[in-house]
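Participant: Okay, here's what each chain looks like letter by letter:
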Amino acid sequence: MLDVTGAAAPPRSNGELVFAEPWESRAFGMAVTLADAGVFTWDEFRDALVARIAAWEADHAPGEDFHYYRCWLGALEDRLVAAGTLPGAAVAERTALLAERPSGHDHADGEDHGHGHGH
Amino acid sequence: MNAPAGDISRRLSPALRTEALEQLLVERELIDPAVMDKFITTYERDVGPLNGAKVVARAWTDPEYREWLLRDGTAAIKDMGFSGPQGEHMVVLEQSDDVHHVVVCTLCSCYPWPILGLPPSWYKDPAYRAGIVRTPRRVLGEMGLDVPEGKDIQVWDSSTEVRYLVLPQRPTGTEGWDAEALAGIVTRDAMVGVALVSTVSAP
Numbered sequence: 001m002l003d004v005t006g007a008a009a010p011p012r013s014n015g016e017l018v019f020a021e022p023w024e025s026r027a028f029g030m031a032v033t034l035a036d037a038g039v040f041t042w043d044e045f046r047d048a049l050v051a052r053i054a055a056w057e058a059d060h061a062p063g064e065d066f067h068y069y070r071c072w073l074g075a076l077e078d079r080l081v082a083a084g085t086l087p088g089a090a091v092a093e094r095t096a097l098l099a100e101r102p103s104g105h106d107h108a109d110g111e112d113h114g115h116g117h118g119h
Numbered sequence: 001m002n003a004p005a006g007d008i009s010r011r012l013s014p015a016l017r018t019e020a021l022e023q024l025l026v027e028r029e030l031i032d033p034a035v036m037d038k039f040i041t042t043y044e045r046d047v048g049p050l051n052g053a054k055v056v057a058r059a060w061t062d063p064e065y066r067e068w069l070l071r072d073g074t075a076a077i078k079d080m081g082f083s084g085p086q087g088e089h090m091v092v093l094e095q096s097d098d099v100h101h102v103v104v105c106t107l108c109s110c111y112p113w114p115i116l117g118l119p120p121s122w123y124k125d126p127a128y129r130a131g132i133v134r135t136p137r138r139v140l141g142e143m144g145l146d147v148p149e150g151k152d153i154q155v156w157d158s159s160t161e162v163r164y165l166v167l168p169q170r171p172t173g174t175e176g177w178d179a180e181a182l183a184g185i186v187t188r189d190a191m192v193g194v195a196l197v198s199t200v201s202a203p
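Chains as they are written, first to last, in full-length UniProt numbering: chain R, 1 to 119; chain F, 1 to 203.
Think of the hints as simulated: they come from the structure by calculation, not from any bench.
These figures come from a predicted structure and were not determined experimentally.
For glycine and all other residues, C-beta sits at the position ideal for the given N, C-alpha and C.
One should not assume that every hint holds.
Stated by the list, open to error - From the structure, some residues in chain R lie toward chain F, with a derived Cβ separation under 8 Å: (1) F19; (2) E21; (3) F40; (4) W42; (5) L49; (6) V81; (7) L86; (8) L98.
What the hints assert, rightly or not - Across the chosen pairs, the derived CB separations fall in these ranges: (9) F:S198 to R:A83: 36 to 42 Å; (10) R:F66 to F:K78: 39 to 45 Å; (11) F:K78 to R:A37: 22 to 28 Å; (12) R:A82 to F:K78: 30 to 36 Å; (13) F:S96 to R:A82: 17 to 23 Å; (14) F:G144 to R:E64: 25 to 31 Å; (15) F:A179 to R:A83: 18 to 24 Å; (16) R:A37 to F:A130: 33 to 39 Å; (17) R:H60 to F:G150: 20 to 26 Å.
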């Protein structure tokens with residue numbers, strides 16, 4: 001069944017929280033900024049997003065919730081790798097590196113220690 | 001870090017993956033964090049359905065503007081100061097007694113950002129994107145809008161360059177209201193075509 005109203009309290013009339021988690025806003029911002037800077041066209045990004053969404057719809061675990069911004073993030077990586085902007089393994093390697101930070105040095109504790117994004 | 005790194009990171013949170021991607025892009029000077037923050041703030045705080053509501057209210061109170069809006073949506077909307085990404089080619093669909101218009105993006109989430117902000121989650125949901133095309137009357141009913149059997153429903157797919165704005169019917173009982181008061185009752189859902197504008201829903 002469709003969730004028309006959304007679980008979140010609207011920040012403005014007939015709206016809803018635009019991003020469920022901070023990383024979603026970063027993923028959104030990266031795509032818009034890169035398109036604005038001409039690193040890729042919006043159509044190129046949209047094609048990658050369409051492909052990611054179609055792939056999820058064609059093959060996902062029964063009962064698994066659709067996560068739009070996971071598709072978005074995947075599309076962003078796909079686009080950058082396809083264009084040769086980033087090597088294929090770069091994101092995975094950096095992610096693994098970040099995961100090895102000692103506890104208290106990631107964003108999971110709700111603190112920004114100055115190595116973050118300046119927000 | 002060879003192949004296993006990828007396997008591990010796939011299980012890690014998207015938050016971490018996003019941070020990694022952002023670091024790589026900033027290091028390569030492909031994104032300016034200040035520019036990116038400005039984009040995010042704009043769509044988080046400034047751009048939303050109130051813009052579209054102002055367009056609708058003006059069309060309801062100014063016949064010449066309404067005519068312009070239906071003829072050249074992009075120009076008429078830009079005249080209100082609303083333009084930008086995902087609003088380059090606007091087409092306005094006017095609800096009538098005979099036809100009900102409803103908008104979808106079947107393939108992803110194309111949506112007129114400058115006038116409605118970013119799309120709500122139901123608009124991006126596979127259930128809506130597939131269902132509104134196959135069984136529009138039923139899906140609209142599930143969303144609380146019962147379209148009479150005799151009324152034609154037209155579903156518009158945004159998966160092209162075009163973005164749509166639905167111009168709802170002005171509700172009875174609003175005679176004499178000014179544009180500001182009218183804008184207050186125009187909802188996002190009505191401008192996508194999954195609801196009607198009603199004075200009952202007024203805040």
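Participant: Are there hints from earlier that the structure breaks, and if so, what are their numbers?
Facilitator: As far as the earlier hints go, 3, 6, 9, 10, 13, 15, 17 are violated by this structure, in ascending order.
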